[in-house]
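Undergrad: Taking the hints into account, I'd like the entire structure generated from these sequences.
Chains as they are written, first to last, in our numbering: chain A, 1 to 66; chain B, 1001 to 1321.
Please note that the accuracy of each hint is not assured.
Stated by the list, open to error - List of simulated lysine-lysine pairs, DSS-like, C-alpha gap at most 27 angstroms:
| id | chain 1 | residue 1 | chain 2 | residue 2 |
| --- | --- | --- | --- | --- |
| 1 | A | LYS46 | B | LYS1010 |
| 2 | A | LYS50 | B | LYS1010 |
| 3 | B | LYS1260 | B | LYS1143 |
| 4 | A | LYS63 | A | LYS46 |
| 5 | A | LYS50 | B | LYS1260 |
| 6 | B | LYS1010 | B | LYS1143 |
| 7 | A | LYS63 | B | LYS1245 |
| 8 | B | LYS1260 | A | LYS46 |
| 9 | B | LYS1260 | A | LYS58 |
| 10 | A | LYS50 | A | LYS63 |
| 11 | A | LYS58 | B | LYS1245 |
| 12 | B | LYS1143 | B | LYS1245 |
| 13 | A | LYS46 | A | LYS58 |
Hints were generated in silico from the structure; no laboratory data involved. Source: prediction; values computed, not measured.
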Amino acid sequence: MNERTPDVVICPGGPLLLRGEHLIADDDGTEHLTTRPVSAVCRCGKSATKPWCDGTHKVIPEKNRP
Amino acid sequence: MPQTGAVLPKPRGALSEALVAALVAGHESGPIDVAPGSREDAALSLWMLHELCYRGYVDVDDRLEFDPELVRLRRRLEDDLERRLRERWPGRPAEAAERGFAEALFAMVEADDSPSLARFVQREATADQAIELLQCRSLYHLKESDPVALTLPRLPVAARAALAELQYDEYGGGRPERLHAHLFAEGLAALGLESQEGGYVDQAPLEVLEQNNAMSLFGLNRRLRGASVGHLAAFEATSSLPCRKMAQGLDRLGFPAEIKAYYDEHVEADAVHEQLAARMICEPLIEAEPETEDDVWFGAWTCLDLEARIARHLLERWGAA
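TA: The following block contains the structure:
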C-alpha cells in the first residue's frame, strides 16, 4: 500500500469523487468551493444541486447514466 | 454519579423493570434471571444496556457499563437479536460475485420495493404524523454515526482510513455546528420538541428499538465489523433521495428551516458517503478480510429489512399502508 491513493475517483454510473479543497467552475462559469473532506461532483447532468451529486443518477435509465 | 445523560425509560415488562431497578440500585448488580415479558420488553432492555456504552443516565453509576451481570444479560439479549436477524436474511445476492460489492449493493437497493416513509411525508403525511416520525428517528439521529464509530479501530488499513474520512464529515469536519446529530437536535428544538438523546424512547415502537439495537450490536462487537460497515453502506445508499423527499414534505407542512436543513445536508453528504461506504470501506474490507464478506451483506440486507419493518408498522398505524 505504498502507492498513492487517488484523490479523484470516477464512480461507474455515478459521480466523480474529489478529495480535498477545490474551486469548481460549473457550466455557467459560476464558481463553487468544496465544503467537505470528499465531495461528489455530478456527472449525469440531472442533479438538482449541481455541481454536486444528489443521487439522481440512480433514478434515470441505466443507459443514460455516465 | 453522573449529572448528565438521559433519564431512564419507563419499563415495558418484567425484564426492563428488573433492569431499571438494578441500574438505580447501584454499583454492582446481582444476576438478572428474569425472562422478558415480550419482544418489546427485551428490545427496550437491550437498548438501555447499550445506552450505558454511549452517554449513560443521570444518577446511574457509569461503572455499570462493564458490570459482569449486566454484560451477561446484554450478551443473552444480543445473541437472541442476532439469531433472529440472521434467520430473516436470505443470503448473499447471486450477482455479488460477478458485479462486485458496490454495484451489487446499489442493484439490491434499487430492487427494494419496500414502502417509503419519506415518500409518504413528501406527499401525504399530516404534521402530527411527521412529528411522530421525527420522534422515532431521534433515537438514532441524535447519536448519528456513533455506532459505526465503534467499528473504526477494528478495520484493516484502507477501510479504516476511508471510514475516518466519512466520519470526519458526519462529525462536522471540526465544526460542532455542522455535526449531523447536532443539526438534528437543532431541528427538534426549532419545532419545540425534546432534543435530549433518548428523549422519545418511551414512544419508540419495537421496530425502532430493534433498528437501534442492531446498529449497536454490530458496532460494539468486533466480530461483527463486516455487518457494521455493510449496514452503513446500505443506510447511506438509501439516504440521498429519501432525504430530498423528507425536505420537500417538511417544507410542504411549513416546518422550520432548521429541521429541513438537516435533510438538505443529507441529500448532498450521503451522495458522497454512499460511494465512500460501498467502494472505499466495504470493498477494501472484503478484499483484506474475505471472511467478512457474508457479514457485510448480512448487515446491508438487515439495514433495508429493519427500515421496511418500521415503515410498514407506522404506515399501518396511520391507515396508509
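Undergrad: If a hint holds in the structure, say so; if it does not, say that too.
TA: Status of the hints after comparison with the structure:
Under the criterion of a C-alpha separation no larger than 27 angstroms, the hint pairing LYS46/A with LYS1010/B is inconsistent with the structure, at around 48 angstroms. At roughly 47 angstroms between alpha-carbon atoms, LYS50/A and LYS1010/B are farther apart than 27 angstroms, so this suggested pair is violated. A threshold of 27 angstroms between alpha carbons decides the hint, and for LYS1260/B with LYS1143/B the separation of about 18 angstroms falls inside it, so the pair holds. Restraint check for LYS63/A and LYS46/A: satisfied, since their Cα atoms lie roughly 14 angstroms apart, inside the 27 angstroms limit.
Straight-line distance between C-alpha atoms of LYS50/A and LYS1260/B comes to about 19 angstroms, which keeps the hinted pair within the 27 angstroms bound. Restraint check for LYS1010/B and LYS1143/B: satisfied, since their Cα atoms lie roughly 20 angstroms apart, inside the 27 angstroms limit. A hinted pair counts as satisfied when its Cα atoms are at most 27 angstroms apart, and LYS63/A with LYS1245/B qualifies at roughly 25 angstroms. Taking the CA atoms of LYS1260/B and LYS46/A, the gap is near 22 angstroms; set against the 27 angstroms cutoff, the hint holds.
With a CA separation close to 23 angstroms, the supplied pair LYS1260/B and LYS58/A stays within the 27 angstroms bound. About 21 angstroms separates the Cα atoms of LYS50/A and LYS63/A, which keeps this hinted pair within 27 angstroms; it holds. Between LYS58/A and LYS1245/B the alpha-carbon distance is near 15 angstroms, which keeps this suggested pair within the 27 angstroms criterion. For the hint pairing LYS1143/B with LYS1245/B, the CA-to-CA distance comes to about 22 angstroms; that is within 27 angstroms, so the pair holds.
With a C-alpha separation of about 10 angstroms, the suggested pairing of LYS46/A with LYS58/A holds against the 27 angstroms cut-off.
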